[in-house]
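Participant: Protein chains in written order, with this note's numbering: chain A, 345 to 638; chain B, 365 to 657; chain C, 18 to 238.
By construction, these hints were calculated from the structure, which means they are not laboratory data. Check each hint, because a few of them may be wrong.
Not everything, but these chain B residues come out facing chain A in the computed CB check (under 7 Å) [unchecked claim]:
hint, residue
1, Gly458
2, Ala534
3, Asn537
4, Ser538
5, Ala542
6, Val546
7, Gly547
8, Ala548
9, Ser549
10, Gln557
For lysine-lysine, the following BS3-like pairs were computed, each having C-alpha atoms within a straight-line distance of at most 30 Å [what the hints assert, rightly or not]:
hint, chain 1, residue 1, chain 2, residue 2
11, A, Lys567, A, Lys627
12, C, Lys53, C, Lys132
13, A, Lys627, C, Lys80
14, B, Lys411, B, Lys435
15, C, Lys80, C, Lys69
16, A, Lys627, C, Lys156
Only a predicted model underlies this, so the values are computations on that prediction, with no experimental measurement involved. Ideal Cβ placement from N, Cα and C applies to all residues, glycine included.
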Amino acid sequence: MIEEPLSNSERLIRMATIGRPEPKAQVPTPQTATPVTDQPGEAFLEARSLNVFYGHFQALRSVSIQVPGRQITAIIGPSGCGKSTFIRCFNRMNDTIAGFRAEGQVLFQGRNIYDRRIDVVDVRRRIGMVFQKPNPFPKSIYENVAFGPRINGYEGRLDEIVERALHRAALWDEVKDKIRQNAYALSGGQQQRLCIARALAIEPEVILMDEPCSALDPVATLKIEDLMRQLARDYTIVIVTHNMQQAARVSDWTAVMMMSEDRAGECIEFSATNEIFTNPREKRTEDYITGRFG
Amino acid sequence: MTISERAFHRRLFLRRGTALGFSIICITATLLAIAVLGVLLVQVASKGLDRVSWDFINSFPSRNAGDAGIKAALWGTLWMMAITAIVAVPIGLGAAIYLEEYAPRNWLTSVIQVNISNLAGVPSVVYGLLGLALFVRAIQLERSVLAGALTMALLVLPIIIIAAQESLRAVPNSIREAAYAVGASRSQMVFHQVVPAALPGVLTGVILALSRAIGETAPLITIGALLFVPFTPHSPFDKFTVLPIQIFNWTSRPQEAFQQNAAAGIIVLLAVLLTMNSVAIFLRNRFQANARG
Amino acid sequence: MTRTGFERQLIAVQEDMLVMAGMVEAAIERGVEALKTRNVNLAQQIIEDDLKINRKRYETEEKCLELIATQQPLASDLRTIVSVLHITVDLERMGDHAEGIAKIALMLADEPPLKPYIDIPRMAQVASDMLMGSLEAFKDRDPARARAICDQDDEVDALYEQVYRELLTFMINDPRTIQRATYLIWTAHNLERIADRVTNICERVIYLVEGHIEELNVSKY
Numbered sequence: 345m346i347e348e349p350l351s352n353s354e355r356l357i358r359m360a361t362i363g364r365p366e367p368k369a370q371v372p373t374p375q376t377a378t379p380v381t382d383q384p385g386e387a388f389l390e391a392r393s394l395n396v397f398y399g400h401f402q403a404l405r406s407v408s409i410q411v412p413g414r415q416i417t418a419i420i421g422p423s424g425c426g427k428s429t430f431i432r433c434f435n436r437m438n439d440t441i442a443g444f445r446a447e448g449q450v451l452f453q454g455r456n457i458y459d460r461r462i463d464v465v466d467v468r469r470r471i472g473m474v475f476q477k478p479n480p481f482p483k484s485i486y487e488n489v490a491f492g493p494r495i496n497g498y499e500g501r502l503d504e505i506v507e508r509a510l511h512r513a514a515l516w517d518e519v520k521d522k523i524r525q526n527a528y529a530l531s532g533g534q535q536q537r538l539c540i541a542r543a544l545a546i547e548p549e550v551i552l553m554d555e556p557c558s559a560l561d562p563v564a565t566l567k568i569e570d571l572m573r574q575l576a577r578d579y580t581i582v583i584v585t586h587n588m589q590q591a592a593r594v595s596d597w598t599a600v601m602m603m604s605e606d607r608a609g610e611c612i613e614f615s616a617t618n619e620i621f622t623n624p625r626e627k628r629t630e631d632y633i634t635g636r637f638g
Numbered sequence: 365m366t367i368s369e370r371a372f373h374r375r376l377f378l379r380r381g382t383a384l385g386f387s388i389i390c391i392t393a394t395l396l397a398i399a400v401l402g403v404l405l406v407q408v409a410s411k412g413l414d415r416v417s418w419d420f421i422n423s424f425p426s427r428n429a430g431d432a433g434i435k436a437a438l439w440g441t442l443w444m445m446a447i448t449a450i451v452a453v454p455i456g457l458g459a460a461i462y463l464e465e466y467a468p469r470n471w472l473t474s475v476i477q478v479n480i481s482n483l484a485g486v487p488s489v490v491y492g493l494l495g496l497a498l499f500v501r502a503i504q505l506e507r508s509v510l511a512g513a514l515t516m517a518l519l520v521l522p523i524i525i526i527a528a529q530e531s532l533r534a535v536p537n538s539i540r541e542a543a544y545a546v547g548a549s550r551s552q553m554v555f556h557q558v559v560p561a562a563l564p565g566v567l568t569g570v571i572l573a574l575s576r577a578i579g580e581t582a583p584l585i586t587i588g589a590l591l592f593v594p595f596t597p598h599s600p601f602d603k604f605t606v607l608p609i610q611i612f613n614w615t616s617r618p619q620e621a622f623q624q625n626a627a628a629g630i631i632v633l634l635a636v637l638l639t640m641n642s643v644a645i646f647l648r649n650r651f652q653a654n655a656r657g
Numbered sequence: 018m019t020r021t022g023f024e025r026q027l028i029a030v031q032e033d034m035l036v037m038a039g040m041v042e043a044a045i046e047r048g049v050e051a052l053k054t055r056n057v058n059l060a061q062q063i064i065e066d067d068l069k070i071n072r073k074r075y076e077t078e079e080k081c082l083e084l085i086a087t088q089q090p091l092a093s094d095l096r097t098i099v100s101v102l103h104i105t106v107d108l109e110r111m112g113d114h115a116e117g118i119a120k121i122a123l124m125l126a127d128e129p130p131l132k133p134y135i136d137i138p139r140m141a142q143v144a145s146d147m148l149m150g151s152l153e154a155f156k157d158r159d160p161a162r163a164r165a166i167c168d169q170d171d172e173v174d175a176l177y178e179q180v181y182r183e184l185l186t187f188m189i190n191d192p193r194t195i196q197r198a199t200y201l202i203w204t205a206h207n208l209e210r211i212a213d214r215v216t217n218i219c220e221r222v223i224y225l226v227e228g229h230i231e232e233l234n235v236s237k238y
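Here chain A stands alone, though its shape is the one from the complex (with noise of 0.2 Å):
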């Protein structure tokens, strides 16, 4: 026996009991609504100091965020932190909500689209989304990705056009031989990825997904998430999700929104994926990453 008083392993082994201590050396949180970024290049898609009104009630709050070209942007949050409501002012769709009104800018390829000037059809050909729940028309697979190149007067043969919508969504093995019948005879992945393709068939630059995957099994989820990644080589995407897993397999760059005391969204930090899941800045990301938070 060694007669030391406490030696060194003793004292290790009794150290055995840790509670979990306050980590130290973390960053303040600031008391700013700007958001720390890391700029990656030029901001294809941006925001700047976007607003939300929904008649009093203020939605979002001073939201600024730049979206770069050709990649997968993520946007995650609690529930009610107004990711819905902000991707939907990129292409305009909560001007279909009463009481709605922006202050800011909404600024794509330079130019504001909530300007008077701009024709909203224009933009929303030029940004596609796809929503939550799949949303196919009550027509043939044929006419729901003929319909948008259709009424915005695309010229070639629509066939091609069509195949090539149905190829570039991973879809055209699978309906080519039923491509008369209803789409509702598919089942819910294909259906959704029947809705990319009616996204893709008016040739977007932009195409936004307001949780794609939430209606959908884990293997369509796996599916239509290998899709995004084939789409972001051309098309830049940004994809609410509540699911953080989804959001870091999928994307390049992540937004984190919360909501403040009087239930405004904000972002609090937007940076590269892989920073926020291993080491992000703010404490407000890291307790919702880690779960620790609500």
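With chain A held as given, fit chains B and C onto it using these hints.
Facilitator: Coordinates of chains B and C only, in the frame set by chain A:
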């Protein structure tokens, strides 16, 4: 907190008994309704089926029961229904589309909405009076098929509007959003996506409306449809009569032979009604099949 | 607080690591003790106990993998688990070095000591203190302390050079001492490697708190 076996089984027996009793009541009610309809049809058929023949359909009415036919009334009904449909369906559908898709949600729209609902319940003879004052006298259409059809169109318009509105409302909003998202304007969204999806429901409304119209007697009498018509209409401005009026005319005669004629007329009326509805149902199923796949 | 189950498992895995460090610590102390007192039984005990250290490492590794697979840890939780994984590797290697000292003690037990053991026990003490300190820095999430401990490695390196030169002199003067001297050089080398491994642990502590790897033990050559 336990229930004894005996108490449980007693309660169970009571519950089963009540359920059985309730289903018996419901079945009885159904059978009663069917029985009434059955008795009606059997009575009519037994009285008039022999009388229905090609002669009957192709002859004009006469004082002699044996020679009387419903040709005038039949053609009058067909003319009137056709014009009513042509007038009422587009106007009704258009109004419904405006109210559902375009009108702002303010007090004026609510007032219009309430008024339309109320109009559906107005007694048909009131429409007859309106038709008399407006179409027959003011616009001076006289007692023509056109006046009659326009009056009936007014009568069934609220029904079509309400049914069309309901089916437009039933189209899920996600369809509208999807259409907007691919760059459709509001009219493109409404006419290419929403209306086709709502069409089955609209056709149901049309069926209801036309079924009501075909059987109306009072408003047409009011605007002056004739009782004794020895000719068929050749233009919308001709005078006319309709099947219900002819049938009513015959039932008010005492002779048994005329009662038979009336029964035969009812059979013809039912046949026309059935044919019309079948066409509409066929169309509706076609649209539904396209929509549902 | 949410995720209490996960919290408990996370703490448990860190505690396992500390227990393992205690076992390594004991092996170092007892190894040098066995050398000094020429205690064959003690030396053999230490060699057997190294198996326990290895087993503890794999157990801890298993638990870490299970946490990663089932809990999808992120941010600081992820860095914690990854740090535990790396540190247990370092600890296991340290255990092997301590076992090496015990083996040398066995081999030297038959003959009288070449000289009074002063520097080697001193090296062991410093290395042991460093190990203790690094794990306290881990527990307290204290990067400043981690950096300070790395400086102590210089002391161990200096002692190693001293031991080496002294034993070299012995070997040059009297070739019959070569065997014992080389064994002692090996002992000192083992202790020096142990101290180096502790600097790895300190680098992990900084990674855990600040989120980046910082090279702390830059060789002066």
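Participant: It remains to establish, for every hint, whether it holds in the given structure.
Facilitator: Right, here's what the structure says about each hint:
Interface hint status for Gly458/B: violated, as the beta-carbon distance to the closest one in chain A is roughly 21 Å, over 7 Å. Because the closest C-beta pair between Ala534/B and chain A is about 12 Å apart, greater than 7 Å, the hint is violated. Among the interface hints, the one on Asn537/B is violated; its C-beta lies about 9 Å from the nearest C-beta in chain A, farther than the 7 Å criterion. Because the closest C-beta pair between Ser538/B and chain A is about 4 Å apart, less than 7 Å, the hint holds.
Using the Cβ-Cβ criterion of 7 Å, the hint placing Ala542/B at the interface with chain A is satisfied: the shortest such distance is roughly 5 Å. Using the Cβ-Cβ criterion of 7 Å, the hint placing Val546/B at the interface with chain A is satisfied: the shortest such distance is roughly 4 Å. Satisfaction of the interface hint for Gly547/B is found here, the shortest Cβ-Cβ separation to chain A being roughly 4 Å, below the 7 Å cut-off. Here the hint on Ala548/B is kept, as its CB sits about 5 Å from the closest CB of chain A, short of 7 Å.
With 7 Å as the threshold, the beta carbon of Ser549/B comes within range of chain A, its nearest partner Cβ sitting at about 6 Å, so the hint holds. Residue-level restraint check for Gln557/B holds (minimum Cβ-Cβ distance to chain A is 6 Å; threshold 7 Å). Between Lys567/A and Lys627/A the alpha-carbon distance is near 33 Å, which puts this suggested pair outside the 30 Å criterion. Proximity of Lys53/C to Lys132/C is assessed by CA-CA distance (about 11 Å); at most 30 Å being required, the pair is judged to hold.
With a CA separation close to 27 Å, the supplied pair Lys627/A and Lys80/C stays within the 30 Å bound. For a cut-off of 30 Å, the pair hint linking Lys411/B to Lys435/B stands: about 20 Å separates their Cα positions. Distance restraint check for Lys80/C and Lys69/C: the Cα-Cα separation of roughly 16 Å lies within the 30 Å cut-off, and the hinted pair is therefore satisfied. A hinted pair counts as satisfied when its Cα atoms are at most 30 Å apart, and Lys627/A with Lys156/C qualifies at roughly 20 Å.
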